[in-house]
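Chemist: These are the residues of each chain, in order.
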Amino acid sequence: MSYWNEDHQHTYWNPYFGGFMLGLLLIFTFYMTGRGIGASGAMKSTVVFALYEVAPKHVEKSAYYSRFVEEDKSPLNTWLIFEVLGAIGGAFLSGALSGRAKFKIQHSPKISSKRRLAFALVGGILFGFGSQMARGCTSGAALSGLSVMATAGFITMLTIFGSGYLVAYFFRKNWI
Amino acid sequence: MGPLIPHELLSPEWNNVIALIIGIAFGYLMEASGFSSSRKLAGVFYGYDFTVLRVFFTAAVVSMIGILYLSKLGYLNFDDLYIQPTYVDSAIIGGVIMGVGFVAGGFCPGTSLCAAAIGKIDGMVFILGLMLGVVIFSEMFPWLEGIFNAHNLGGVTLEDTLGLSNEWTTAIFAIIAVVAFYGTTILGRYIRNVRY
Chain A
0 MSYWNEDHQH
10 TYWNPYFGGF
20 MLGLLLIFTF
30 YMTGRGIGAS
40 GAMKSTVVFA
50 LYEVAPKHVE
60 KSAYYSRFVE
70 EDKSPLNTWL
80 IFEVLGAIGG
90 AFLSGALSGR
100 AKFKIQHSPK
110 ISSKRRLAFA
120 LVGGILFGFG
130 SQMARGCTSG
140 AALSGLSVMA
150 TAGFITMLTI
160 FGSGYLVAYF
170 FRKNWI
Chain B
0 MGPLIPHELL
10 SPEWNNVIAL
20 IIGIAFGYLM
30 EASGFSSSRK
40 LAGVFYGYDF
50 TVLRVFFTAA
60 VVSMIGILYL
70 SKLGYLNFDD
80 LYIQPTYVDS
90 AIIGGVIMGV
100 GFVAGGFCPG
110 TSLCAAAIGK
120 IDGMVFILGL
130 MLGVVIFSEM
140 FPWLEGIFNA
150 HNLGGVTLED
160 TLGLSNEWTT
170 AIFAIIAVVA
180 FYGTTILGRY
190 IRNVRY
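One line per chain: the protein sequences are A and B, in this order.
For the first sequence, numbering that gives the first Met the number 0 assigns the number 0 to the initial residue and increments by one for each residue that follows.
For the second sequence, numbering that gives the first Met the number 0 assigns the number 0 to the initial residue and increments by one for each residue that follows.
If we strip away everything but chain B, and leave its shape as in the complex, we get (with noise of 0.2 Å):
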């Protein structure tokens, strides 16, 4: 029963291994899907490209049906995944700064990193940028922690936060997206087209 390696059914040498190979996929569809072109990212907040939207609520449900199917098919012990603490104060305040960032920059990490890749100078600004970013971020910590630290809820799922049990989230998670998907097909017809 997965997941594997923290179950040890595959020894940890293999850790950097799959490490590599799932990153080598990750990198190829996130550029063979646009994600190295800032302006198609930009997109998204203008109304002219939908392809974020697109492909991450795609993947987004896709992952949340598949995962949830292999924990009732007892191949996956739901238990045992990551759930990242819910620190409330400072996943707010880190999100809405990263959406000015996004909207400024163009990027993300992830697509920053896929533009460099591909040659892109832009990105690899951004790059620089995102490391000036951890530095300024460590050398304030020390006035940060407070924020940083506050309201941890812990492990949090939305079972646990607004009583949804994971069945329902994916399948209202799953209506949204097909509703955004055909809203944003038809709100396209409206939008000016932006030539990139």
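Isolated chain A, as found in the complex (with noise of 0.2 Å):
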């Protein structure tokens, strides 16, 4: 094992490969379900789950959560939540296959772990608030919409990488 520990923590697939891979996975998961993949779908049906055993009047009375709750079957019960306990799953596999399965924070050696935390908590916060209005994520709007030719797509991909390019300058000192 650690000839994989040493050598190979930063080896990854050429990105080509990786890409063309990922270009066939997605080939196979319209040609079974019609659909593409996804993830933030996986995260809100975690809380409507989540709030519905601990408030169920809130999330029937919300306008939004509401949506997601049907009679006689768990809103967990999706087939985004399948999808993503294996991808738990998968990417666990391939990293402790390179030695890279560890606990740690990862960050640029200019800034602290703190800081680092903070970011990632008003990052996630931001693009989960995104990924609710724009109905889907960079996996679920944007790869999965661009395979279909779907406008809303190439909107998604463009604003995101778009807004990314915009505001990077701004939080450089975290990355560079």
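No lab work stands behind these hints, which were simulated from the structure alone.
None of the values given here were measured: they were computed from a predicted structure.
It is possible that some hints are incorrect.
The following label-pair restraints were derived from C-beta to C-beta distances [unchecked claim]:
#, chain 1, residue 1, chain 2, residue 2, range
1, B, Gly153, A, Glu59, 23 to 31 Å
2, A, Phe102, B, Leu72, 46 to 54 Å
3, B, Gly154, A, Val53, 31 to 39 Å
4, B, Ile174, A, Pro55, 49 to 57 Å
5, A, Arg114, B, Leu9, 42 to 50 Å
6, A, His9, B, Ala179, 21 to 29 Å
7, A, Ser111, B, Leu72, 49 to 57 Å
8, B, Glu138, A, Leu157, 27 to 35 Å
9, B, Glu12, A, His57, 30 to 38 Å
If we take Cβ atoms under 8 Å as the criterion, some of the chain A residues that face chain B in the derived model are [to be verified]:
#, residue
10, Thr45
11, Tyr51
12, Phe102
13, Gly123
14, Gly127
15, Ala133
16, Thr150
Even glycine gets a Cβ: it sits at the ideal position worked out from N, Cα and C.
Put the complex together from the two separate chains, hints included.
Modeler: Structural data, given as structure tokens:
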């Protein structure tokens, strides 16, 4: 194992190979299910599920949450939840085989761990909010949308990366 | 003819099993491509690592070409594929907010799952943030509903919006991708290397 741990920690797939495999996976997914791959939808289901457990009245009254609650079916029983559970397993498998699976906070040496976590939290909040607004994230809206030439997919891709480039300057200390 | 499950060529019981298998492959190849590292992901915005662009564009081009061929060859009925509705305002506003979140947090939802899966605490905190973001959106929904539902064009493709056929869209996107791959490779030579 030390061979893997020492030498291959930073060895990733060739990005074109990774992209090619991801493309094949998307084709397979559309061929089987007629839809693409997603991620943020599973976070939403988890939130709806958790709140439905602790405050069912609030969820039923809420104009947004209530869209995702059906009778006789747990909010967790969705295709995306199973897909995301698989993704967590698959990512762990890849990381563990390459000696990358360990607890750590990854950040630039120029910033503290605390700062990294604070920005991760804020970034997550923004991304979570934005993904609900846009009805999907980088995978569900942008990548899957592009696969079927959906106009929304192109808009989402252009705006995510466009706004990322526009604001990158203000966050540069965190990364470079 | 596909898609298999909507056409009931495969029983719906298989749906969740297939979801799990697709998920495992999805997580594995994202992690193997380096998507569990926020510093690698953020590199695309600063030019020190273009992995995101390469993986994302390659995947999109491969998938567009593949789906187009499968539908031309009669294995897949394009009209039965889910095309998400285009709500112009919310797609733009949501995308802009996600872009800021990407640069601030260094992840998107899928990649934060990969990071958390291999023990990155920053990935886990990002996921916590995602869930808080969903809660905030839901609580503010009565105020946001107008924007959320404005200018609904329905499930349109670029064919409906710009008059570009699927074939042309794919061809143009493929050319843009190759130019971007080549351009960023050249550009990368002039950008200071960041070690991480």
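Chemist: So, as I understand it, the hint says Thr150(A) touches chain B; can you test that by seeing if any CB pair is closer than 8 Å?
Modeler: 4 Å, holds
Chemist: For the restraint on Ala133(A), tell me whether the closest CB of chain B is nearer than 8 Å.
Modeler: 3 Å, holds
Chemist: Is it true that the C-beta distance of Gly153(B) to Glu59(A) lies inside 23 to 31 Å, as the hint says?
Modeler: 29 Å, holds
Chemist: For the range 31 to 39 Å, tell me whether the beta carbons of Gly154(B) and Val53(A) fit it or not.
Modeler: Given about 35 Å between the Cβ atoms, the range holds.
Chemist: Indicate whether the distance between the beta carbons of Arg114(A) and Leu9(B) respects the range 42 to 50 Å.
Modeler: 49 Å, holds
Chemist: Can the suggested window of 49 to 57 Å be confirmed for the beta-carbon pair Ser111(A) and Leu72(B)?
Modeler: 55 Å, holds
Chemist: Does the hinted range 21 to 29 Å hold for His9(A) and Ala179(B) at CB?
Modeler: Holds, since His9(A) and Ala179(B) (Cβ atoms, about 24 Å apart) stay within the stated range.
Chemist: A closest beta-carbon separation below 8 Å is what the hint needs, so does Phe102(A) meet it against chain B?
Modeler: Holds: closest Cβ of chain B sits about 4 Å from Phe102(A), inside 8 Å.
Chemist: Ile174(B) and Pro55(A), beta-carbon distance inside 49 to 57 Å?
Modeler: Holds - the Cβ-Cβ distance for Ile174(B) and Pro55(A), about 53 Å, lies within 49 to 57 Å.
Chemist: Tell me if Gly123(A) is really an interface residue toward chain B, meaning its C-beta lies closer than 8 Å to one of theirs.
Modeler: 2 Å, holds
Chemist: If I claimed the Cβ atoms of Phe102(A) and Leu72(B) lie 46 to 54 Å apart, would that claim hold in this structure?
Modeler: 48 Å, holds
Chemist: Under 8 Å, Cβ to Cβ, is where Thr45(A) needs to be relative to chain B, so tell me if that hint holds or is violated.
Modeler: Holds: closest Cβ of chain B sits about 7 Å from Thr45(A), inside 8 Å.
Hint compliance for this structure: hint 11 alone is broken.
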